[in-house]
Each structure stands twice: as C-alpha cells, then as structure tokens.
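A.B. asks: Sequence:
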Amino acid sequence: MQNLDKLLKPSSIAVIGASQRPFRAGSIVMHNLLHGGFQGVIMPVTPKYRSVNGVLAYSSISHLPLIPDLAMICTNAKYNKLIFQQLTKLGVGAVIVISSDMHQTIHSDETLDDECLAIARDANMRILGSNSLGIILPWLNLNASLSPVTASQGSIAFISQSAAVCTTILDWANDKSIGFSAFISLGNAIDIDFSELLDTLSIDSKTSAILLYVDSIKDARTFMSAARSASRNRRILVLKSGRSTEGQKAASIHTRGSQSLDIIYDSAIKRSGMLRVNNTHELFAALETLTHAVPLRGERLAIITNGGGPAIMAVDALIDRGGKLASLSDQAIDQLSLFLPPAWSHNNPIDLVGDADSQRYAKTLNVLLDSESIDAILVMHSPSAISHPTQTAQAIIDIIKSHKKSKQFNILTNWSGEETAKEARLLFTKAGIPTYRTPEGAVGAYMHLVEYRRNQRQLMETPSSVELRNATQLQQAKQWISSHVKESETNYASHQISKLLDSYNISVLPTWLAADPSEAVHISESIGYPVAVKLRSSDILHKSEVQGVMLNLRNANEVASAAQAILDRTALSYPSALIQGLSVQCMASRAGAQELRIRIESDPIFGPVIMLGQSGMEWDMNQDASVALLPLNMALARYLVIRSMRVGKLHLEQLPNPVDTIALCELLVRLSQMVIDSPEIISLDLHPLLASGNEFTVIDASLKLQAKNGVPRQRLAIKPYPVEHEQLLELKNSQQCLFRPVLPEDEQKMADFITQVSREDLYKRFFSDVGEFNHEALANLTQIDYDREMAFVATKIENGREILLGVARVVADSHNYDAEFSILVRSDLKGIGLGKLLMQKLIDYSKTKGTVRLSGITMPSNKGMVSLAKKLNFKTDIHFEDNTVDMLLIL
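If you read the sequence shown in full-length UniProt numbering, its first letter stands for residue 1, the second for the next number, and so on.
The hints are simulated quantities; they were obtained by calculation from the structure and are not laboratory data.
Taking lysine-lysine and the DSS-like style, the derived pairs with C-alpha atoms no more than 30 Å apart in a straight line are: (1) K324 with K649; (2) K81 with K218; (3) K849 with K764; (4) K830 with K875; (5) K89 with K48; (6) K871 with K764; (7) K6 with K206; (8) K719 with K849; (9) K218 with K6; (10) K405 with K324; (11) K176 with K430; (12) K543 with K486; (13) K206 with K430; (14) K836 with K875; (15) K732 with K796; (16) K871 with K849; (17) K870 with K847; (18) K849 with K478; (19) K704 with K649; (20) K48 with K6; (21) K830 with K847; (22) K324 with K363; (23) K849 with K749; (24) K48 with K81; (25) K401 with K363; (26) K749 with K836; (27) K48 with K78; (28) K732 with K847; (29) K830 with K870; (30) K176 with K401; (31) K847 with K218; (32) K206 with K218; (33) K796 with K749; (34) K836 with K863.
Between the sequences and the hints, there should be enough to build the whole structure, so can you do that?
C.D. replies: See the structure below:
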C-alpha cells in the first residue's frame, strides 16, 4: 500500500490539462475541486491560460512551485507518456488518469497503459485509472472527479469499475440523503485495484460499510485475500454485472478482462463473506438492513400480520429464497391464545385478524420477544379502518425500546400502502427500525441478513492442503499423472483413469474395450447381460450427438446391432473423426439409486471450481449446477450440498436407501484434494455418478490433463492450510514439539494459551493493557489468510489434549517488501529455546516467500526479545524517548 495515502489524503493537487473551455475534462475537474471546499493547494497546469477559474496557472509541470501529492491527468492520451515521465522526475506520489483511450496499442503488444505503468512503477508512483471518473472524499471536502454531482459526508465507501454506475449511484444516494466516506472510480485499474482499496478502507475510521460495483476481477487470489480480510472488519456488499452469458461478454469487452461464469462469481462472493445484491435499489435496501441489524443467532423467522393474504405472499417469498419459517412453541401459542380472538391462526404466520388494534400488536410482539424458538420477527400491517397505521407503528416502537430482550432479535416491518402508511414508515426510519413497502421487499431484506450470516460462516472455513488421503495414495496418484501427462492437452476416458480415481477411494464401473461389434459381443457374453455399449472417440466430446450410448442390451443380437448402428451413425455425421472403437460395461443396478453429476473446471479467473447437480443429457452449468471454489473441507462441501438442494439444483429423492449427504461431502473433498495434489488436471467430469446410500460409483468420466511446464496454470483463488510448514522440533529440555501454522480450530487453545501469559508479557506484546480476549479478537488471531500473513504455533500433547506453548506471527505489506513480526511464549516456559525456534521459523518462511526484510518493535525492558534479535543478526535501534526498540533483519 505504498503511497496510497497520497491518493486518499492529498494536501496538494496538480491538474494537468486544466482548461477554461466548458465541458472539457480539465474544466470540470477544476470547477469541482474549487467548489468542493478542498483546503489544500490546487495547481492548474496549462500553457494556454495564465489562470483557470481565477487560479494562477503554470505553463508546465517543471514550473510547479512544489511537488504535488496527487496529479490529475486530463489531457489527450497521446501526451500522457511524456507527462508520466515528467511527473516521476518531479517525484509525484499518485496520479488519476481521466483519459479513456489509453488501452490502444502503440507497438507490438504494448498499450499506452502498459508503458505509463512501467514508468510509474520505476518511480513508485501510484495510478488510479486510466478511464477513471476520479475520486470524491467528502470528509476532506475533495471532489477530484468528472462527476456532475458531489457526495455528502457519510460512512459508506463506494468503489466502482464503471464511471456511469458511479454517477447513477451518486445521484440516487443524494436523493435518499445517503452520504459517503469515499467514492472511487477504478476505470481500467492498471495499478490500484479493489484489493488495495479494500485493505485501506476496511481499517478507515470513517468507513463502516463498503459497496463494490464489479464488472470483472483480474487477480482472483489477491482480490479474494483482500475481500476475506476486509469482510472481518466491515460489511461489504457487491453489485456484480454480467449475470447472463451476453452480459458476461459485454463486461469482458468493457474491462478487457477474462470471462467467468456468473455462478462462479457468486460462489467467490459468498466464500469471501461478502453479500451480493442484484440491482442498485437492492444494494441500498440491503445496506439499510445490515446497518441496523444485530448478528442473527439463527434463521427462524416469525411473522405478525393483520392480513392473511400478504402473510402468505411473505411466506412464499421466504421459502422461494431458501428461508426458514419458525415453529411456535406450545408455551407461546398458549400465551397468545389468552388475548387473541379464537379465530387467530394458532400458527406462524400469526394472523391477528383484520380488527387487530395497536394493543393486540404490542402484546403479541411482547410474547415473541420472550420466546426462545424464534430468531427474527417481521411485523406486517395492511390498511385497516380499526388499526390506525401510525398509532400501531408507535406501539411497536415503544415495545422494542422498552423490552430488555429486543436487542437480541432482528425486527423488520412492512407497512403496506402509500399515503396511509407513509407517516408510520417515517416513524420506523427515525427509530432505526428497517421498514419496507411490500411483503416481498421485507422478506428480501431479511434474506440478506440470512445470506450474509451464511457467507460470514463460510469466510471462517480454511481447508487443509491435505484432506482424506494418505501418503501412499498421493504417491500412486502422482505416478499415474506423471506417466500420462503431456505438453499438449490430453483427454482420458473412464476406463483410463480408474487407477487415478481409485487412489482417492472413488469407485469406477469396470469397462472393457472392443475394436468392433463382434468383439463387443464376445465381451458381453463373458461379463453377462444386460450391458451398455458406448462409442470411443476423442474427436466427439458429446456422445449424445450421434446417439453413441446404447443401454440395457440383453443379448448378442442386440449388442451387435447397437454397436454397428453407433459406428454407422458416427461415420455418417463425423466422417473425419478418429474412431477408437467401443467400450462395454455391465449395466449398473439403478434400482433405488440416483444419478448425480460432478464436474471440475479450471476457470480463467478463479482457478479450479467444482460443480454439483443432477445428471442429464443437456447440462447448462449456469442453470443446472451449484458451484464452489476449491479447496473444500467437510464444512464447505456441506454448504455446497445444502445450497444445491435449497436452490433446486440437487433433488435427493426419498428412496429406500437415500443418498448419504455426509458421504457425498467426503467424495467432494476427495475430488478437491485430487486437484490440489495434481495441478495438471484441467477438468474432470463424472457423468453420471450413481449414488445409493453411502456408495458412489462412476459410470462414465472424462479427464483433461496438461503439463504445467510452459503453460500458465491458474492457482487456487484461496490458499489452503499449508501442511508443508509442519515440523517436529526439539527444545532445550529434550521435549519434542510440533511447530505448525495456526488453524481456525485453535481458537479455544489460543484462549487457554493467553491465560498462561503474564499481564507484563502481554503488555510488552500489545503495548497496552489487554483485558479478556473475546471471540472476535481470538478469531482474528486464529482465522488467517495464509496468502497474506502467517502465524506459527508451537504445540504439545498434554493429557490427551493439544495445547499451545508459543505463537509467532508475520504480516507482509502488499509488495512483500517489509514484513512485521511478533512473538509470544508462555511466561512459564522461557529459557527452553521456544522463542528462538519460532523466530527461526518466521525467518525461514519469509526467505522462502521472497520477503526483503523483517521488522519488529518491542520495549527495552523486554531483554529476552532484544537479546534474541541480536543473536539472530537483527539490527536493533533503541528509542528511549518512546520507550521502544526497533528490530530489523535484511533477508
């Protein structure tokens, strides 16, 4: 994040290409800067005018009286290479490039963007753009943009790839009196992108939520890493365009990025702990709901209503979106029956009947707030001559304010109607209670809370890089891959990959190969009827195109006829195709079994993904599958299975021997592990996969391999737990300890460890008195992103339990130049070499990662740490006035 403060906290700005001519970029930018109230220095640069908007102008960059923090380039793209050279020579920290035509190719494959980026990087100058609308920083009164309207002060940061969306959102927000902490247009994002801005804004005191408009992502690993980190600190909402195939193509042209299926983006957003919305209205509605929300303790929704019809609409919307209706406890039903009319619904939704007054609403809400069988409440009101909408709203507000348990629930309201309900909705808004015009809108808002909760839970899952397989199986798989992989892309069928799948305990239906119909008959006679005969041709990907699969053949005549017909149809439709013969299989027993399909693909942006759905001849991945990014662990596989069932992509039938979902999750994890172990795998398709109970048999499969050498391989978008860093080491007291990366499951162990560290040692580590560590603090210590930080723990087994003895942590900057370290060991275990071994672990890891230097800070009173640093060749610098010691090691 070097020099990003020059962009986001500038004290001086130069406008290159400033103009007095209306509607020119240089004129609009100057007008916005001057009328925004910015208190810093504004310097127009232009040889055409002595002044611009009354401000003294400078004829060239070299004549500027001081070095600006930020330069805004408003000139024609053809001048920009020279301007970049002049700005870097001057030492400018950051630039915003307004020009929209910098992507044009100058010579060979290089664009103006490429050339200017190379110049800027040599001088460590940061670029926003090109094709950027600019930035608006309301808390600095800075409008450094082309926007026709400005933004008011608020706590929302907005980052967009589209300038047009920026102005639309801004106009909409101003009409709704919504303010911003930052408003940033990325443009082509040749340098500064979502990831760095997420890192910065997620720790900004003025920012409570971040909104993203995304056309496409360039570097999935960097984006996912930043998004997962930021999602722990701030609510992040994503408006992603390109849901349709045509929209994806348009987005690709707009950003010149790679295409990816919308369901893959959807999976990535969920996995990052962010919330996706579908349109601008939903964006701000979701933001309002999340802003006033408390963390959901569960997903059970209770509905109070004075009208059956609207409540039914709400229930339909809830179930359609995968929500859960609460079941009222017997105690709650008894309490409600004491004061509700006999005709009340005696169920959820709680229909108070059409003559319900404000007191009936208030008493009902009181009962629900005392119930343990619900997690959230939707209060609905339809226009009524008996129940005054405003009085009823005020009664609801009074109960919420006075009830001691109300803060444990998320309470939403739906006051239907226009003029009659307007005042009531305004009362709810002023009271900070979310309110909506329609039942569907209220349920949609509630489901945003549910989806956000589910996504946050996925965020905490960090799979291991070793799941459900042993070293022998890995060796077998590696041997098979090495003997079959080639420089060119190579396809393999199910009979060829059975040994590879067997290495991961995946069963494949036995297959025999036949050169012609007569051999197919001979094989069928020997293995027994009924059989299936299939075409073998690497030139024909979909056998269905030539009806190349014939099932349930019961005698020699049927086999011979079917085999010859397959060959004849193929020769007629694909005369030049290479025919490799036929394959023969016993018909697998489908009685009581179900056909599924699992497919693994290498996405050009997010790397390997796994898809799950029903088996079928026609399979549209966008329509028929649910998707998850790899790697998976059991929890993430379960999310995939449940989501697939919830959205109707997977229909597990009620059979005598129903599909075992836990076994299905294990299968998904084993497949995930196969791809982690073998990056040569480009795709794998199990189609169909016969499922019965906990048994899964691959009937047909296809695998695509390609050697890594010389071929750029997309890495995993999320780095798994790096088991390769586990190491058994011996302490000075001859005790062996396991040194390994920290795991999310270590939260309770970390809490126990901290109780074994003295207050004095904690003060030396954290530079302040620390109280009890809550769940959030412990989660930040144990649920880390291995791509951007590392924490090693030293552990031993004591009374059958693994306990932590020490922790060492290192966090590198975004350029992997400087990494800050810290070490903490149990106060009763000093002097046995723990600290030295942990420090050496950090040094070795940082060297492997290519970090330039390690730095740390401690107190002069921490003599043990200072002494250890000197022994390991750290340069130490004592600052007595600050009571600190700087430690630096060049790697």
